[in-house]
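Enquirer: Using the sequences and the accompanying hints, generate a full structural model.
Protein chains: 2
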Amino acid sequence: MKILITYDISGTDTTAGSRRLRRIAKVCQDYGERVQYSVFECTVSEATYELLEAELLAEMDEKEDNLRIYRLIEPVEKHIKEFGKFKATNFEDPLII
Amino acid sequence: MKILITYDISGTDTTAGSRRLRRIAKVCQDYGERVQYSVFECTVSEATYELLEAELLAEMDEKEDNLRIYRLIEPVEKHIKEFGKFKATNFEDPLII
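If you read the sequences in order, they're chains B and P. When you number the first sequence by the numbering used here, it's gap-free, plus one each residue, and the end is 97. When you number the second sequence by the numbering used here, it's gap-free, plus one each residue, and the end is 97.
These aren't lab readings, by the way, just hints derived from the structure by calculation. Each hint can be trusted.
Note: identical chains are not told apart, hence a pair may lie in one copy or across any two.
Listed next, the in silico BS3-like pairs over lysine-lysine satisfying Cα-Cα at most 30 Å (straight line): (1) 63 - 78; (2) 63 - 2; (3) 85 - 63; (4) 63 - 81.
Expert: Set out below in structure tokens:
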């Protein structure tokens, strides 16, 4: 199944916050693709989903952050519209916004 | 139909960037709810969707930002999992991350 993971992290100007975002991104990228700074599309089986969820919960700070996981309609490309700058962002750079 | 709007904005430390985020949020909130800093769930008819898309495109900077709109499976609450801090964020505050 295809899922969309969106993540609101608190305090990415701190070492702890930026580390959480980096680690969450790494977990997600093991299962899919980063499509925005804190939005990831992942492909998982039901069983793999359980592992992914457990890994995400281990990395996030439940008191500070918010994590949402949506099941997507497939095929995803028929149910998404995208506009603007596409994948040109270097997600490895420090976040300066 | 239910849609999810995710938005990567460039340069929210600038007047132009923060204004774009504020305006995009205002457009989305006319049709739904802000669930994360740059993630919105909206309910629209097919006709209303066209209006919403036009309004979003008018506000965004296609050279700088990225906008993704996903059609969601309904009922949404059966196809989403949420973890962590929930809606405690004051989205009106300036973004400091």
